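Residue numbers (my numbering), protein chains in the order written: chain A, 927 to 1013; chain B, 927 to 1013.
Quick caveat, the hints were computed from the structure, so don't treat them as lab data. A portion of the hints provided could be inaccurate.
Put simply, identical chains are the same to the list, so a pair is met inside one copy or across any two.
Below 16 angstroms or equal to it, Euclidean Cα-Cα: the simulated EDC-like pairs (lysine to aspartate or glutamate) are [what the hints assert, rightly or not]: (1) K969 x E1000; (2) K972 x E1000; (3) K969 x E998; (4) K999 x E965; (5) K990 x E937; (6) K945 x E998; (7) K949 x E998; (8) K942 x E1005; (9) K942 x D980; (10) K969 x E1005.
Small disclaimer: the values here were computed from a predicted structure and weren't measured.
2 protein chains.
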Amino acid sequence: MYIILMYDVNEKRTGKMLKLCRKYLNWIQNSVFEGEITEVKLKELKNRAALIMDNETDSLIIFKSRSERWLEKEIVGVERAETDNFL
Amino acid sequence: MYIILMYDVNEKRTGKMLKLCRKYLNWIQNSVFEGEITEVKLKELKNRAALIMDNETDSLIIFKSRSERWLEKEIVGVERAETDNFL
């Protein structure tokens, strides 16, 4: 399946979340990732994220689509993914 | 069509972008929106966003899906949309 993932976590935890999500998905923008992933790997990512996050204050949203073909992506302004190197 | 929109803009411009996007879509997380929108309204939103943004440094990404039914949304941690009131 193809997913878009975005998190909104306390500043103290952004570094760890970035490092974790980059192991599974492609970074495209500040706190936003996309990519192909299996159910098993997604479950693993969610469990590991939940261990980092404060589930009372932090937020992680995942949009799942059966295939990338069902999503059309458009960028206005700068395409971060290619230009920026991240942590 | 159903879209997920996220922006990554300079702090000076986040207030204006938030105000603009809220007129068309539902705020779900820091700089992230979702919602049903027509081609015409999306074009209008993109044009108005481009006027606010610095297209050399700011980034706006839109994922389009033909219908909300083709997207499954999952939340880990806090669901911001309902709990937070925003600007």
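Now the hints, each set against the structure:
Taking identical chains as interchangeable, the C-alpha atoms of K969 and E1000 lie at most 16 angstroms apart only when they sit on different chains, with a minimum of 12 angstroms there against 28 angstroms within one chain. When the C-alpha separation of K972 and E1000 is checked against a cutoff of 16 angstroms, the pair qualifies only between copies, where the shortest distance is 10 angstroms, while the shortest distance within a copy is 27 angstroms. Taking the shortest Cα distances, K969 and E998 sit within 16 angstroms of each other only across copies (15 angstroms), while inside one copy they are farther apart (25 angstroms). For the identical chains of this complex, K999 and E965 are inter-copy neighbours only, at 14 angstroms across copies versus 23 angstroms inside a copy, given an alpha-carbon limit of 16 angstroms.
Within a single copy, K990 and E937 get their C-alpha atoms no closer than 26 angstroms, and across copies no closer than 29 angstroms, so neither meets the 16 angstroms cut-off. Proximity of K945 to E998 under the C-alpha cut-off of 16 angstroms is found in neither arrangement, the shortest distances being 26 angstroms within a copy and 25 angstroms between copies. When the C-alpha separation of K949 and E998 is checked against a cutoff of 16 angstroms, the pair qualifies neither within a copy, at 24 angstroms, nor between copies, at 22 angstroms. Proximity of K942 to E1005 under the C-alpha cut-off of 16 angstroms is found in neither arrangement, the shortest distances being 23 angstroms within a copy and 21 angstroms between copies.
In this homomeric assembly, K942 and D980 come within 16 angstroms of each other (Cα to Cα) only inside a single copy, at 13 angstroms, whereas the closest approach across copies is 29 angstroms. Taking identical chains as interchangeable, the C-alpha atoms of K969 and E1005 are never at most 16 angstroms apart, the minima being 29 angstroms within one chain and 19 angstroms between chains.
Hints 5, 6, 7, 8 and 10 from the list above are not met by this structure, while the remaining hints are.
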